[in-house]
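**Q** Here's the letter readout for the chains.
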Amino acid sequence: MNDFEYIRPATVSDAIAAAAAPDAAYLASGTNLLDLMKGGISRPKRLVDVTRLPGLDRAERLADGGIRIGAMVRNADLAHDPDFAKSYPAVAEALLSGASAQLRNAATVGGNLLQRTRCGYFYDTASACNKREPGAGCDARHGENRLHAVLGWSEACIATHPSDFCVPLVMLDAIVEIEGRSGRRELALEALYRLPGDTPERETVLEPGDLIVALRLPGEARAFAAHARYLKVRERTSYAFAVVSAAAALKVEAGKIREARLALGGVAAKPWRARAAEQILAGARADAVTFRRAAEVALSEATPSGDNLFKIELAKRIIVRALTLAAAGTPARIAALPASPFASVSGVLHDA
Amino acid sequence: MNLSISLTVNGLRRDIELSDPRVTLLDLLRERLDLTGTKKGCDRGQCGACTVLVDGRRINSCLALAVSLDGADILTIEGVAHGDQLHPVQAAFIAHDGLQCGFCTPGQIMSAIGLIDEAQAGDDPERIREGMSGNLCRCGAYAGITEAVLDAQQALATANQRRSA
Numbered sequence: 000m001n002d003f004e005y006i007r008p009a010t011v012s013d014a015i016a017a018a019a020a021p022d023a024a025y026l027a028s029g030t031n032l033l034d035l036m037k038g039g040i041s042r043p044k045r046l047v048d049v050t051r052l053p054g055l056d057r058a059e060r061l062a063d064g065g066i067r068i069g070a071m072v073r074n075a076d077l078a079h080d081p082d083f084a085k086s087y088p089a090v091a092e093a094l095l096s097g098a099s100a101q102l103r104n105a106a107t108v109g110g111n112l113l114q115r116t117r118c119g120y121f122y123d124t125a126s127a128c129n130k131r132e133p134g135a136g137c138d139a140r141h142g143e144n145r146l147h148a149v150l151g152w153s154e155a156c157i158a159t160h161p162s163d164f165c166v167p168l169v170m171l172d173a174i175v176e177i178e179g180r181s182g183r184r185e186l187a188l189e190a191l192y193r194l195p196g197d198t199p200e201r202e203t204v205l206e207p208g209d210l211i212v213a214l215r216l217p218g219e220a221r222a223f224a225a226h227a228r229y230l231k232v233r234e235r236t237s238y239a240f241a242v243v244s245a246a247a248a249l250k251v252e253a254g255k256i257r258e259a260r261l262a263l264g265g266v267a268a269k270p271w272r273a274r275a276a277e278q279i280l281a282g283a284r285a286d287a288v289t290f291r292r293a294a295e296v297a298l299s300e301a302t303p304s305g306d307n308l309f310k311i312e313l314a315k316r317i318i319v320r321a322l323t324l325a326a327a328g329t330p331a332r333i334a335a336l337p338a339s340p341f342a343s344v345s346g347v348l349h350d351a
Numbered sequence: 000m001n002l003s004i005s006l007t008v009n010g011l012r013r014d015i016e017l018s019d020p021r022v023t024l025l026d027l028l029r030e031r032l033d034l035t036g037t038k039k040g041c042d043r044g045q046c047g048a049c050t051v052l053v054d055g056r057r058i059n060s061c062l063a064l065a066v067s068l069d070g071a072d073i074l075t076i077e078g079v080a081h082g083d084q085l086h087p088v089q090a091a092f093i094a095h096d097g098l099q100c101g102f103c104t105p106g107q108i109m110s111a112i113g114l115i116d117e118a119q120a121g122d123d124p125e126r127i128r129e130g131m132s133g134n135l136c137r138c139g140a141y142a143g144i145t146e147a148v149l150d151a152q153q154a155l156a157t158a159n160q161r162r163s164a
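In the order they appear, the protein sequences are chains A and B. Letter by letter, the first sequence follows residues 0 to 351 in numbering that gives the first Met the number 0. Letter by letter, the second sequence follows residues 0 to 164 in numbering that gives the first Met the number 0.
Excised from the complex, chain B in its bound form:
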């Protein structure tokens, strides 16, 4: 059985031979590609620490078989900054204390980027909280996270306006 796949990960094409069909996207990222920014929390789709974007959509990488994603475009926390310039969502998490221990943060940030792209929540904090409910934070930094998402969304909208003006 041929288990070779190719993925685009953070803009780079990766050709990968899978030794085993059981490998999840999460384990592939962490164990094979050394991208350990994506975290393994529950490994059962309940905590959101493993959130990444697949073809632009946020999903739980622990519940996706890598072999099934052949050809997909993956974005992880390692791929969101431009050199030393943080992604606006990363900057907003720092500005609003949207973290304490930091373990859930990569998943929170990838989920927030996905949420802003989905453009369903607007500037309603209740809709943002609902839209971020798939990401647990054991330190309870939720208030800061909501503020960070609101702020980052505003910053991205302003930047987009400037670009199109």
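Isolated chain A (complex conformation):
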């Protein structure tokens, strides 16, 4: 790990001033950043510790029924908050399907949004990676790439965004509040992320010094609480990143879908909202035929970036399965194996 200057500011404005310097980085819990620094992938010269900043460590109910979650709220605390889990069950399920209990106890909301890709070539400093070293090339493009992107990728970068949490957040129109050198602004979470294009090193629209201070979920998103799921295929049942995941939420009336939301994880450099599929679902019957049609539309622009053609069909099946589970209704309690396809409800086909 390279040496660095450690600063623990007392106010948000001091933090922004300290972090606007070149090669500065914010430190929250550090569960991703310290790992990257130990591997020599990230080499900040200054760490600005934001864990003690006032007011960022709690969640509050808003007048519109929504919730504002401080950026330093820990993943486990949010997932186990009974009101939150009841109101936004797919988000709670996604949180509990990510990482391990130890990591969820430490990892913060803000840090989760800004975690880096787990592309093995990004992590291996002996490999060429345009994200780590702009212009170096991409060894993943013709390497071991069965887990890489099938949507929104470019020749410069085929890495995926690893977060589970962000998938249902994007589905439910979450907003991020950002403090920066020019004051406070807010942004749809979906618009925080950039697709790689020719500049995969620029992953978000954040500017130097910008600090995510809070995340908001609109009260309107609670209306999906009765039919909302997150489903995640991984290479082992727990403590693994998604190969493909889907968040699905429905408003169902008499077997018909009034409104639908759908987003995918593990398929692109950002959590992938499937708006065209949502249009297919709205007004249609909540059945397998409709779900498959929506899945086809959601992946209509997908192309393999390597040995990952299977992910396209897998994503379609996971969409069908997630929609089927959402239509069946949110369980009263999150399954013992959160988001696992192996935690089935009776009557639902495993090979949907």
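Among the hints, a few may not be true.
What the hints assert, rightly or not - Here are the simulated lysine to any residue pairs, SDA-like style, with alpha carbons at most 25 Å apart:
no., chain 1, residue 1, chain 2, residue 2
1, A, K37, B, A154
2, B, K39, A, A239
3, A, K37, B, A94
4, A, K44, B, D33
5, A, K85, A, E258
Just so you know, the hints here were simulated from the structure itself, not pulled from any lab data.
Put chain B on the given structure of chain A with help from the hints.
**A** Then chain B, alone, in the frame of chain A:
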């Protein structure tokens, strides 16, 4: 830059001058405080051997900067027994053969204590396995570990009932 911190470690207050901001909680415990019960496995947050409780919550001490934890209360495997009387989780690991080589065991036990405090798993073995998935055991003592956690949880609940009766 002032890098002096104070921690409460296993009930004792420790004032520590850090020579370097890079020191993780794990390295501080092992190298500076000679508390080598906490193990360094992967050092990257993947194996759970370094699990300790910080302010009552289980975390990976390899992925925490000591300087950032100034003022925290730390509990390690060295602090869980009362003299010669083992913590109920320690006793249950022995009773149920929840170990073979023992390298992962301090992390397993600290993680199990954290899991029982979190009170999310109940007596469902599947939820216990899921809740313990951040602790790898290369010897594969998982069946015994699950039984030990179930048993210890029961023993702690009974002891608490007796105390409140």
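**Q** Check whether the Cα positions of A:K37 and B:A154 lie no farther apart than 25 Å.
**A** violated, 40 Å
**Q** B:K39 and A:A239: Cα distance at most 25 Å?
**A** Distance of about 21 Å is within 25 Å: holds.
**Q** With the threshold set at 25 Å, check whether the alpha-carbon distance from A:K44 to B:D33 stays at or below it.
**A** Violated: A:K44 and B:D33 sit about 30 Å apart, past 25 Å.
**Q** Quick one, are A:K85 and A:E258 close enough, alpha carbons at most 25 Å?
**A** The hint holds at about 19 Å.
**Q** Does B:A94 sit within 25 Å of A:K37, going by the straight-line distance between their CA atoms?
**A** Violated - the C-alpha atoms of B:A94 and A:K37 are around 38 Å apart, more than 25 Å.
Violated hints, listed in ascending order, are 1, 3 and 4; each of the other numbered hints is respected by the structure.
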